[in-house]
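Visitor: One-letter residues, chain by chain:
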Amino acid sequence: MDMSFTDDELAFQNEVREFLRDELPSEMADKVAKGIELGKDDMERWHAILNARGWLAPNWPKSFGGAEWNAVQRHIFDTEAAAANAPRIVPFGLSMLGPVLQKFGSKEQQDHWLPRILDGSDWWCQGYSEPGAGSDLASLKTRAVRDGDHYVVNGQKTWTTLGQHANMIFCLVRTDPDAKQQEGISFLLIDMNTPGVEVRPIILLDGSDEVNEVWFTDVRVPVENLVGDENEGWTYAKYLLTHERANIAGVGFSQAGLAAVKRMARAENHNGRPLIENPHFAARVAQVDIDLRAMATSNLRIISKAAAGGAPGLEASMLKVKGSIIRQEINDLARRVAGPYAMPFASEALEGANDTIPDPLGAGPVAAQYFNNRKLSIFGGSNEIQRGIIAKVTMSGGRA
Amino acid sequence: MDMSFTDDELAFQNEVREFLRDELPSEMADKVAKGIELGKDDMERWHAILNARGWLAPNWPKSFGGAEWNAVQRHIFDTEAAAANAPRIVPFGLSMLGPVLQKFGSKEQQDHWLPRILDGSDWWCQGYSEPGAGSDLASLKTRAVRDGDHYVVNGQKTWTTLGQHANMIFCLVRTDPDAKQQEGISFLLIDMNTPGVEVRPIILLDGSDEVNEVWFTDVRVPVENLVGDENEGWTYAKYLLTHERANIAGVGFSQAGLAAVKRMARAENHNGRPLIENPHFAARVAQVDIDLRAMATSNLRIISKAAAGGAPGLEASMLKVKGSIIRQEINDLARRVAGPYAMPFASEALEGANDTIPDPLGAGPVAAQYFNNRKLSIFGGSNEIQRGIIAKVTMSGGRA
Amino acid sequence: MNFELTEERQMLQDTLRRYLREKYTTAVRNDILTSDAGLSADIWSELAELGVLGALFTEEMGGFGGAGFDLAVVFEELGRAGVVEPVLDSALMGGRLLASAGKSDMVEEVIAGSLHLAVAHGEPGGRYDMDHVHTKADGGVLIGRKAVVMNAEAADHLIVSARDGDAIALYLVAKDAKGLDIQGYPLLAGGRAGEVTLDKTPCEPLNLSLTDLQAATSLALVAISAEALGAMESATHLTKDYLMTRTQFGRPIGTFQTLAHRMADLLIELEQARSAVINAAGYLEASDADLHLSATKNLIGRIGRLVAEESIQMHGGIAMTQEYELAHIAKRIVMADHRFGDTDYHLERFIALSAA
Amino acid sequence: MNFELTEERQMLQDTLRRYLREKYTTAVRNDILTSDAGLSADIWSELAELGVLGALFTEEMGGFGGAGFDLAVVFEELGRAGVVEPVLDSALMGGRLLASAGKSDMVEEVIAGSLHLAVAHGEPGGRYDMDHVHTKADGGVLIGRKAVVMNAEAADHLIVSARDGDAIALYLVAKDAKGLDIQGYPLLAGGRAGEVTLDKTPCEPLNLSLTDLQAATSLALVAISAEALGAMESATHLTKDYLMTRTQFGRPIGTFQTLAHRMADLLIELEQARSAVINAAGYLEASDADLHLSATKNLIGRIGRLVAEESIQMHGGIAMTQEYELAHIAKRIVMADHRFGDTDYHLERFIALSAA
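Residue numbers (this note's numbering), protein chains in the order written: chain A, 30 to 429; chain B, 30 to 429; chain C, 150 to 505; chain D, 150 to 505.
Source of the hints: derived by calculation from the structure; they are not laboratory data. Take these hints with a grain of salt, some might be off.
As the list claims (entries may be wrong) - Take a look, some chain C residues computed to stay more than 12 Å from chain D by CB distance: (1) Asp180; (2) Asp280; (3) Lys349.
Said to hold, decoys possible - Label-pair ranges, simulated between beta-carbon atoms: (4) B:Pro120 x D:Asn179: 27 to 37 Å; (5) D:Gln397 x B:Pro120: 20 to 30 Å; (6) D:Thr404 x A:His179: 42 to 52 Å; (7) D:Thr404 x A:Pro120: 33 to 43 Å.
Quantities reported herein were computed from a predicted structural model and do not represent experimental measurements. For each residue, glycine too, the CB sits at the ideal point set by N, CA and C.
If we strip away everything but chain A, and leave its shape as in the complex, we get (with noise of 0.2 Å):
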């Protein structure tokens, strides 16, 4: 057991730090620290600089144009980054997609998408979920049948995070109605500028606009846009939602979270004292820190293992619930500290374009962040799925 850094991660760890110190805009960290959604220049800016250093798709084989870093190396440059407040990479792409193409796509499908990921030629989306469907993806309804060279689709998507910004999306799409559940699903790479294609914005309880619906009308694809085998979809699927998992409990974020949390409350006075000295609220944020500093550890841990070779399904689901459950601690704790500041409604303040919305803590719309991050229990599996799966595989004998 040796819980510090080697001298090659260390070294590591200040290359990162450096680098974050010289190439992140601080404007663009400061929208970041304060919850300010980023628009698709900043989050493009950002990507062409990592890209400039090699550093934009860490999970990527040097084969193709990637960073290949180990997991422990992910693990320093996530929390360096989440601790300078740098923008969360764009996933849809590098951390779902690539890693599919890598290993199911062709050689064509490689050569041509991958570069075009990394240099920003192409902003993908994510066409998973359906309406109606939630965490039960089987289930999907959108049709896509083989017409000549090309696929023609109809149906509708949604929760599709950022996907007006994409030019591209990937689908699953039924090509098998006659299949059941699983069966009968292909994995589609589709165009957005195709005729038959329309997004419409979901707006969110806290106002933000980032989450749309697609819908697609005959919308017809080339065939050449199949990934792999016709119906055999389910199984790419599963393997791009198992593949990124480095960052699922958001330590990082979490940490970042925290600090402001803690340099809010020293600010914010209670009955004539900095909050932070109060006893109730230093027991709220005393109980999260040490919640936060075990799954640090539970996190490097689990990396550790998979950097040796291990498979780490069933502890990704552990600290998905635990991270999120933090993490919304954390923005719960924000929004307590800001009082009756935490009411005004920052809707343009979500854009930093508003001066008139008080923020005295310099905190951002900290109650809008409480409320979007529900959404860390519900999307990308809820923590029911995840306890579900935790239950099968431990009582069907795994460990405890």
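Based on these hints, arrange chains B, C and D on the given structure of chain A.
Guide: Below, chains B, C and D alone, put in the same frame as chain A:
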């Protein structure tokens, strides 16, 4: 809406207080306050005191020798009795069997058994649960086979509270082995001095010996001890289970327990100040105090509705769950107050005989009580069973 | 002991519930939410006509209610429907303060729905501290700044707290008074508030002290707790319906035991919240009213968070969308914790009062 | 970064686990529990022979371990098996204090299993306060009273804290010393303790201060946390097995979704507890060790209660019976909270150290 007692109710409250002040033996109250197990003598003595006043059977009709109190009167008595640390009435004859005999028993059975409950001639215990059956009462296996004027009983009952003191047991037995589940069950009264009845104590995790296993080997029971009709016992069992609910929330016990916690925490020192002034401990006390105040009002609301003819089935389940959680939390607080002195195993102190066990707060065996009262959420229909009932009733169209 | 509503209150409850169910639909409310005014003048008039505003005042004040249970009945229904109109701030707090000041003409207008008020008390950095008043009253004018003043823009008059020497007193300021500046903004859970600056603003002394403001805040605590209760009832009801109708993996999700048991826990806690509001309303005039009010606000804060979060979680994605009824209801519940002292503030007050 | 056990520790863990599984069965342990001594001399000798006691000491002290992870490995296994022998108090705390005092002969005996010790520090009314020492050292004798002294009756020597003037120092008292009185009693979770009275009892100064005692307490915090973790692992394991084998309403109760999900939550929290113990062990020598130790003890206290209560609840009645393994394990978990500062004590210490 009027939350205060009427003049009549206030007068009754005074009467109860005077009675408790004059008649409740102080050494008995002291044992109850400290959570020390009462002996059979204590319990019989208290029953006799209540019976002399005509208050032993609050819920029985006057025609059977009961007090025939309304729900509010019973609530007042229960609350005052708990505050005065009066022993709990042993419920098996009075609250359980009594009402069943009154509704389903024959005239002969009523004339014979009911007076003997009041005057203490019989000590009843309950033969419902069986090993491996848990909350699934309908799967019981104890068999009773008709043989002339007798039933011959074979089988085993468990969790028989205070069975070691009892001379009589009322049992659910299977009289038709071919009927499924709830059918084919009969309600039988068995003299525990009959050959073939054996009582073995179950030592609970806190060292107490209040529950027992009862074994029946070819026990011959006269047919006149069958209550109601053969194979209809399930009906009577359900009636019994749902009958006595007035005190299901245990408000009085929780109030007395919380008062004890506060008293102890004023006496206990924490870094030079009374523990009660410590903000973190005070927060724990305050939250359960607040919860208890709300539950006390819920209890009054439901009682007042029952007095007005409402049917509190759903609410009884709610009160049982919340009531057990609150009482268990109070037990947890008592354990915390005691600090290192929670550790001694006061086995003899349970029966009040040991001077070597240190008890500086006069709190009695608080940790033992903490463990013993885990039973509150398990026995008598576990909290899981209660939640299932609540969900079923409300989801099938009840009120939300 | 009697927990039945009086006939009058039962009628008020029925009338208001029916009116809101028919008129204050999700669509109507969502239009109000996105409007510039942030409230509907028509709804306000109709609430006045229905006697809802009058129910907040005693007969001596010109109303026909005014007791704790009257407030509880009204605000529970407003909460159930997610009403964003400022009944609490404008009519109840403002109106009752004016009634205490003997301004019966103005109270009459409030009850008639023709006068809007705002109570400008909190200040930047003051959090929930009632004593935190730096605004100064000096020779008939006010100088200072007030934070998150509910309904400030729509108010015909503002009731402003200020220090005259050491003592805190209340003053009346007309909307068009010199040196009055209001920077308005919408609120996350609906309605509007503003930052108010007073720069030598002429005012009228109301002969009311901090004690009067505390009394009005006690009324507000009953009201906000009842409102949150009503919203919790809606949240629970919506969730129950959703669990019974939504199917996943081929069956209603309410048949999944985990959700069924969590629903049961919500129902249990909802009963606790109901009893807490009854305690607040029933003990409003008692000598230990503050203890009961803090107990209630703390419990409502804790259970409110549970109900809001669990309702969203059990709905899943749909509850995350702004247009869905629960989204608004959940925001009302959670943001109620930010008014008149939050969960922790009232826990501390309860502890202090318990020790006293 | 490396979270694998070293080969030596892996071997120690395997050996100890196998030994306890074979020898320290529920029946054997239940016999020990009800014995007059409250501990088994045979088990003690065998633990010494296996090197378990030696693993608690560094090589310089004559052992072959002594680091945080050595303690964690040993006590996790002792906790898993619900061992009641006083390894923590007699060997670890007592032995390490003597090692600090340079009493290498006695340490050798401790490691060999031939010397029992007790640490007599806490006093009536002192709760978890380390400074609360009223016992006086005066001219070679001790006067005072010590509370809940673990293993007091079996100890060959007691290590007693006392004030010489203002300073707290430690003294060695032989079991047969004049004026030493021990009123012994059993403990709810097994083992024995006693109230110790010192009436002009001759003693030997150990040249150890409160700082040394605090250092030994830090070791004890790692040990008690690891022990609780091991017990939690047992509780979780027993519960998982029970859910898979016990049937009700015709199916294994683990297939009821509510229990399955609650089991999942226990497993999640168990991972948290495991990481917390790793933190305590791994940062034991760090400059901010106290912060980590308090974080761990607080977390273990919170999760321990959850695991104990949920394990009992999911078992139902069977877990309420003394002879069932879980009953003992649950008591070990909960009563660990009463040693070296409870959940709240360490929450406060964490807050204070965080602010520093």
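Visitor: Confirm or reject each hint.
Guide: Going through the hints against the structure:
Against chain D, the non-interface label of C:Asp180 holds: every CB pair exceeds 12 Å, the least being about 40 Å. The beta carbon of C:Asp280 is kept farther than 12 Å from every beta carbon of chain D, the shortest such distance being approximately 26 Å. Interface exclusion of C:Lys349 from chain D stands, the closest Cβ pair being 43 Å apart, more than 12 Å. As the Cβ distance of B:Pro120 to D:Asn179 is approximately 32 Å, the hint placing it in 27 to 37 Å holds.
In this structure the supplied range 20 to 30 Å holds for D:Gln397 paired with B:Pro120, their Cβ-Cβ distance being about 26 Å. Taking 42 to 52 Å as the suggested C-beta distance range, the pair D:Thr404 and A:His179 conforms, at roughly 47 Å. Range check, D:Thr404 to A:Pro120: about 35 Å between beta-carbon atoms, so the 33 to 43 Å window is met.
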